[in-house]
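Based on these hints, arrange chain B on the given structure of chain A.
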Amino acid sequence: MNYNWNWGIFWQPSPEGTGTYFDMLLSGLKWTIITAACAWFIALVLGSMIGILRTLPSRIANIIGTGYVELFRNIPLLVQLFLWYFVLPELVPRSMGLWLKQLPNAAFYTAFIGIGLYMSARVAEQVRAGINALPRGQALAGKALGLTVAQTYLYVLLPMAFRIILPPLTSEFLNTIKNTSVALTIGLLELTGRARSMQEFSFQVFEAFTAATLLYLLINAVVVLAMRAVERSVSVPGYSAGR
Amino acid sequence: MFSNFDFNVIVRTLPYLFFEGMRFTLTLTAMATLGGVVLGTLLAMMRMSGRPLLPGVAASYSNLMRSLPLVLVIFWFYFLIPYVGQWVTGGSRPIAVGAFMSAFVTFTLFEAAYFSEIMRAGIQSVSRGQAAAGYALGLTYWQVMGHIVLPQAFRNMLPVLLTQTIILFQDTSLVYVLSITDFLGAASKIAQRDGRLVEMYLFAAVVYFLISFALSRVVKRLQTETAIPH
Numbered sequence: 001m002n003y004n005w006n007w008g009i010f011w012q013p014s015p016e017g018t019g020t021y022f023d024m025l026l027s028g029l030k031w032t033i034i035t036a037a038c039a040w041f042i043a044l045v046l047g048s049m050i051g052i053l054r055t056l057p058s059r060i061a062n063i064i065g066t067g068y069v070e071l072f073r074n075i076p077l078l079v080q081l082f083l084w085y086f087v088l089p090e091l092v093p094r095s096m097g098l099w100l101k102q103l104p105n106a107a108f109y110t111a112f113i114g115i116g117l118y119m120s121a122r123v124a125e126q127v128r129a130g131i132n133a134l135p136r137g138q139a140l141a142g143k144a145l146g147l148t149v150a151q152t153y154l155y156v157l158l159p160m161a162f163r164i165i166l167p168p169l170t171s172e173f174l175n176t177i178k179n180t181s182v183a184l185t186i187g188l189l190e191l192t193g194r195a196r197s198m199q200e201f202s203f204q205v206f207e208a209f210t211a212a213t214l215l216y217l218l219i220n221a222v223v224v225l226a227m228r229a230v231e232r233s234v235s236v237p238g239y240s241a242g243r
Numbered sequence: 244m245f246s247n248f249d250f251n252v253i254v255r256t257l258p259y260l261f262f263e264g265m266r267f268t269l270t271l272t273a274m275a276t277l278g279g280v281v282l283g284t285l286l287a288m289m290r291m292s293g294r295p296l297l298p299g300v301a302a303s304y305s306n307l308m309r310s311l312p313l314v315l316v317i318f319w320f321y322f323l324i325p326y327v328g329q330w331v332t333g334g335s336r337p338i339a340v341g342a343f344m345s346a347f348v349t350f351t352l353f354e355a356a357y358f359s360e361i362m363r364a365g366i367q368s369v370s371r372g373q374a375a376a377g378y379a380l381g382l383t384y385w386q387v388m389g390h391i392v393l394p395q396a397f398r399n400m401l402p403v404l405l406t407q408t409i410i411l412f413q414d415t416s417l418v419y420v421l422s423i424t425d426f427l428g429a430a431s432k433i434a435q436r437d438g439r440l441v442e443m444y445l446f447a448a449v450v451y452f453l454i455s456f457a458l459s460r461v462v463k464r465l466q467t468e469t470a471i472p473h
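The listed protein sequences derive, respectively, from chains A and B.
Oh and the first sequence: position 11 is 11 in this note's numbering, straight run, nothing missing.
Oh and the second sequence: position 128 is 371 in this note's numbering, straight run, nothing missing.
Bound conformation, chain B alone:
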């Protein structure tokens, strides 16, 4: 069954797969994680602010995003961003946004909804007394958040944040629907050009598995290290 398995095609295309494909996958994962965590933290803070309107807006946003399939959201933003760009810049025609840029914006905005739920749990994990003590010392809201609550929230949620990053890493493969050359896109292009579907898709699966598995081991170690000993 593996008699005509062509390892050569993998070796031959390794530079393309990794320097073109995997580089994009990793860049997208890193940027969307960074942007998603920042935006998600702001959403969580809005949601817990107790001001009028803000909690409702944040909750609706994160519930809407989490109710929709990522593929649909990718399509939504791919077509919506040019019009939003036109509206922002006041141009006369929808601005041209590349598939790359569109993917970055989509993943950041989409993952922010998931990160906001994680950060909400993280902020709730810090006892209210600590924030109260901060205010009693005369600290402002941003000082209390920045120096007392958020550092602990991040620390407590680090394993969960990393798990979400692994999911995000796997989800980036869905940019395939925009014909972007991410790792899977690169493998798929070679597979179709050379008629080597078996080799390329199996290789892609192995690479995704190894990276996700290694990262999940790291998460497991973090969990045992940061766990409060009983």
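With the rest of the complex left out, here is chain A:
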């Protein structure tokens, strides 16, 4: 393989003039983490609400919840980002469209809202599965105790449901982090995009991608370990003894 390896490239100044190539990748990492965190917040809040809607004893709530999930799950994320980024400013009133187009950091806002909405449909499915995994008797017991529907969810169903779905939620969070890379298509300078520009500037393609790969593995490891700690600290003693 006649490829000129040059691992020292990371310490050379990048043509942007704001530091070394390594700094450039770190700034990409920073944007990946910030975007993923904001998107995950939206996904978790909206996803929980939609997931709950789908388990309520109301036909209209079920239809709204199902429609939302099907809509966001069946369109590729890249297409959804294009819709928010390119199409939305054309469809709203002219002055608002102009404002949207001139927004600083528009790629960042589009990315975290778009990815957040996309992931919320997946979180909703997990929340629904978690609530449905509980024995029917729990909701009935809440009712028998005279709790309102809201109280039953808040004090009886959700605390256990969220504990049950912690492992799949961890992988959805990891998916959120990975999905931020799609936002490079709308110009977000996240980790994959930064590795790609490092390759374009320096031609050291494999060094750049190796570094990005290692950084992604690092984020993954941190998230997995953190979530394991969370799982351990919130587990209800004796509840999952059978498993």
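Rather than coming from a laboratory, the hints here were simulated on the basis of the structure.
The model shown is predicted, which means the values in this text are computed figures rather than measured ones.
All residues carry an ideal CB built from backbone N, CA and C; glycine is no exception.
Among the hints, a few may not be true.
[Unchecked claim] Output of the computed footprint for chain B on chain A, the stretches with three or more beta carbons under 8 angstroms from beta carbons of chain B:
#1 84 to 91
#2 106 to 120
#3 178 to 184
#4 194 to 201
#5 215 to 224
[Stated by the list, open to error] Across the chosen pairs, the derived CB separations fall in these ranges:
#6 A:Phe201 x B:Asp249: 35 to 43 angstroms
#7 A:Asn132 x B:Gly328: 43 to 51 angstroms
#8 A:Ile34 x B:Gly299: 29 to 37 angstroms
#9 A:Tyr3 x B:Phe343: 35 to 43 angstroms
#10 A:Phe41 x B:Leu277: 36 to 44 angstroms
#11 A:Leu91 x B:Val300: 32 to 40 angstroms
#12 B:Ile410 x A:Leu103: 30 to 38 angstroms
Showing chain B alone in chain A's frame:
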């Protein structure tokens, strides 16, 4: 807001969108599914073989692939495959591999990691007694796998395999980063040429939605049909 919505641009470019774009998207989906399932099944078998080294290699491969964003993997292979080709053929320069070929290889290798997890669950869903019975009858490993375990594993996992195929179908839109004319690529090229972003991207979204939604209905029906009645 839709006052200057130009339906005509969609009608005019339908042949290009479907015969160029969608044909590539569907070919890529079909070939990557086929290749991914074959490779994924082999990985799952390696992982459960109990031989030295093999399980570790298979597990590392599938964990590595599943930890990385597909976009990064697409870039990796796009630049790596020419060098691997040179190494295999012993040539003096990296061989030129088109973006198309690169996409096929990438998606097959990437999706194999996900399919291997599904097939592992599928193989585990077949009771060990069946394999033991096969060995007791004097069947070899490949006969036990080919005639007893894998057919049932595929059947049990069919809905999950199809769901993964829907995800794969949507993921193929990411070849956009290699400027390939898949369905979204075709729509995007028209959108930029004619300045019709709204029409083309909305139309692309509707088409992706309809296909994915229809397929997910099929999966749902399969799930109820293949489910073991209680």
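Provide an ascending list of the numbers of those earlier hints which the structure does not satisfy. Of the numbered hints given earlier, those the structure breaks are 2, 9 and 11, listed in rising order.
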